[in-house]
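> The chain contents come next:
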Amino acid sequence: MKRKLLALLMAATMVFGLAACGSKAAKGTDASGGASDGLIKVGIINNDPNESGYRTANVADLKAMFTKENGYDASFAYSLKNDEQIQAAQQFIADDVDYLLLSAADTAGWDSVLKDAQAAGIHVILFDRTIDADDSLYDASIVSDMAAEGETAVDWLAGQGLDSYKVIHIQGVMGSAAQQGRSGALDTKVAAESNWEIVTQQTAEWNAEKAQQIVQSVIDSGKEFNVIYAENDDMAKGAVAALDAAGISHGVGKDVIVMGFDCNKWALEELLAQNWNYDGQCNPFQASYIDEIIKTIEGGSAPAEKVVIMEEKGFDATTITKEDVEKYGI
Amino acid sequence: MSKTKQNDSFLRRLISNQMFIPLLALVLLAIINLINDPSFFKISVQLNNAGNAVLSGYLITILDYGSELAILAIGMTLVTAASGGQDISVGATIAIAGSAMLHVLCGGVARPTELATPVFVAFLVACLVGMACGLFNGLLVAIFKIQPMIATLILFTAGRSIAAWINNNELPIVPDPKFAYFGGFIPGIPIPTTVFIAAACIIIMALVLKFTNLGLYTQAVGINEKSSRLNGINPTFIKILAFIILGLCVAVAALIKVSRLSTINYSVIAKDIEMDAILAVALGGNSLSGGKFNIWASILGAYVIQFLTTTLYKFEVSSDALAAYKAIVVIILVVFSAPTVRDYMGRLGKQLRAKKEVA
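Listed in order, the protein sequences are those of chains P and L.
For reference, each letter of the first sequence is one residue, going 885 to 1214 in our numbering.
For reference, each letter of the second sequence is one residue, going 3 to 361 in our numbering.
Bound conformation, chain P alone (with noise of 0.2 Å):
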C-alpha cells in the first residue's frame, strides 16, 4: 500500500511538472478577457521557440516588447508544424484578438484562416517569414529577405578569388523560406559560373549532428571540397566537427572556407578567432517594427509600407571586431 501511494505520489509531481512547463504553450486559452482594460490584445504565433539560437532571440524580443507595462495583452502560441499553428490562429480569431503576429512554419496554407481573420475585423500582421497568400489577406510584413542574404554570402565567397570553388552545400529544412533563399543564391551562382561546382548537396534539416554525417561522408568519399555553405550556424558547427575529426584546416588562409548564417554569438566568436570565414545575419529583432506598425494602425492609418525589409550584414572573419560580436550576436 505505501509503495502504491509513493508511486501515486511521484507520477502525480512529474504530472505537474509537465503541466508546469506545458503552461507556456497553453496560455493561448486563458489569457482571454482583456480587452476591457485598456490593452491591445495580440494573439502571437511563432516557432518553438528552442529551434535555434534565432528563434530564442526572436522570441525573447517579442515578450520583452508585448507586455502590459507596453500597452499589451498577449498571448503566445508555439509550434514547428503549419497545422497546429493554424488551429492556434482560429484559437485566436475566436478569442477576439485586436492583431494577429504571424511566422509561418510553412509558406502554404493560410489563405482561408487569414480571410476569417480579416472578415473578423482582426488586423494581420506577418513577421520573419513571409506566406503564399494574397498580399490584400494581411496589413504587413516585416521579413528578412533571405534571398539577398544569399546574394550577399554568395558575392562574398565569389570575391575571394579561389581558381575552383568545389562547395559541400548543406541545407536546412527543405521548403523553408530561409532555405529557399539561401539555396537559391549559390544554386543561380554555381550554374552561371564554370569554376563553381557543388560536391555534394544535401538537407540536414537545421540539425548539427546530421550535418556532421553529411561531411564525414563526403570526407570518407575521398572526394576533395574547399567550402562549406552550411544554411546556419549550428550545421555548420557539425560540419566542422567532421573536418577536425579527419584532419582538415579550415578558417581564413587555411585549406576550406566555413560559411554559416544567423550570427549567433558563439558562432561570431569562431569567426573572431578565423576558424570561420563567414556569417550571413538574419535579424530576429522585429519587435520594435511591429509595434511602430500597430500604433500607425491604432492611430486610424495605413503603414507606410507592406512589406519592410529588415537590414541585414555579413560578416568576414578577417574583418569582425570584438564590437560586432557584442552587438550582432544573438
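Note that these hints are calculated values from the structure, not bench results.
With a straight-line cut-off of 16 Å between C-alpha atoms, the simulated EDC-like cross-links for lysine to aspartate or glutamate are:
| # | chain 1 | residue 1 | chain 2 | residue 2 |
| --- | --- | --- | --- | --- |
| 1 | P | K1107 | L | D39 |
| 2 | P | K1107 | L | E318 |
| 3 | P | K1149 | L | E172 |
| 4 | P | K1107 | P | D1139 |
| 5 | L | K316 | P | E1108 |
| 6 | L | K273 | P | D932 |
| 7 | L | K180 | P | D1128 |
| 8 | P | K999 | P | D1019 |
| 9 | L | K273 | P | E1089 |
Using C-beta positions, here's what the derived DEER-type ranges look like:
| # | chain 1 | residue 1 | chain 2 | residue 2 | range |
| --- | --- | --- | --- | --- | --- |
| 10 | L | E116 | P | E1189 | 43 to 53 Å |
| 11 | P | Q1064 | L | I330 | 21 to 31 Å |
| 12 | P | D1016 | L | F317 | 26 to 36 Å |
Here the structure is a predicted model, which is why all the values come from computation and not from measurement.
The C-beta atom is built at its ideal place from N, Cα and C for all residues, glycine as well.
With chain P's structure known, arrange chain L on it following the hints.
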C-alpha cells in the same frame, strides 16, 4: 542422402536463428558496397586537427555513429521483452539527460570559461535523470497498466520543452576540449572513443545476463505475466527495472551526443532515434509484443541500420529520403514476421522437402 539432410538441417538452423536476418542484411549491404566501390572498405590513418593519428573510413564511421543506437538497442530490447511495448520517449529523454548534464557541467552559465563540476559528476547526474525518466515511464506502464507507447508519449511530447527549461532556453557550450574525447578521440588512441563506450555497455550487459536471472525473468514476464507471478517473480518490478535500464542507456547515449559537439540543440538532438532503436529491435528478429529476446541480434540490427544510413549517404541519397528507405526495411520485416506469411513459408518449405524425398 544423409549429407543433403545434414545440409538441410544446417540451413534450417541457420534460417531459424535470430541472428540470421540482421546478418543477411549486413552481408547484402556489404556486397552492394563491394560491387559499387571496393574503396568503401578502405581504412586509412590520418592526423586529426588535434594532432592525433586516427583511423578513418566508412567502416570506422559506421562503428562510430552506430554506437548510440547500439547502446539504446540494449535497453529497448529489454523494455520490449518485458512490457510488450516500446518506449518512444528515448530521443526526448536524451535531450533531458543531455540538458541536465550541460547544466551541471557549465554551472548554469551559458558561456563558462571552465568546467563547474567534473565530467564524472555530471555524467552521474545524467544517469540519475535518465533513470528518473525511466522510472516515470516504468511506473505508468507497470502500475497503471498504460500501454507503453501511450505512457511514453507523455515524455515524447514534453521532453524537449523540459530539456529547454532546465537550461533556461540557453544553449551552453562546454569549454573544456577534454570533454570532446567521449564523442571523439582520446589522444594516442586511433579508435573512436564511442566504440569503447558501446563495447563497455555491451560487455556489462553480457555479464548481467550471464550472472543474474534478469534475462530469464524478463522473458517470463513478457511471455505470461500471470504465471510468472505465480512462480514468484514480481512482474511490476521487472518491468520498471527494464525501463530504468533503458534510462541508463539513454544517459550514456546523451553523454556521447553532448560530447560530439560540446553542446546540444534541444529540439533536434537525437531526433527520431527512438524509431531507429525500435527498428533495431525488430531487425534483430525480436517479437515486438514481448517475451523471448536476443540482445545481440538487436545490437547487430543497430549497426545494420547505421550501415544502411552511411551507405545511403555515400550514394548521395537525399537525406530527407532516408526515412523512406528505412520504411521499406520495416515493411519487409513486418510482412515476413506476419503469422500468415510465416505459415505459408512453412508450408512451402514442407512441400519442397516432400518433393525432394519423393525424387
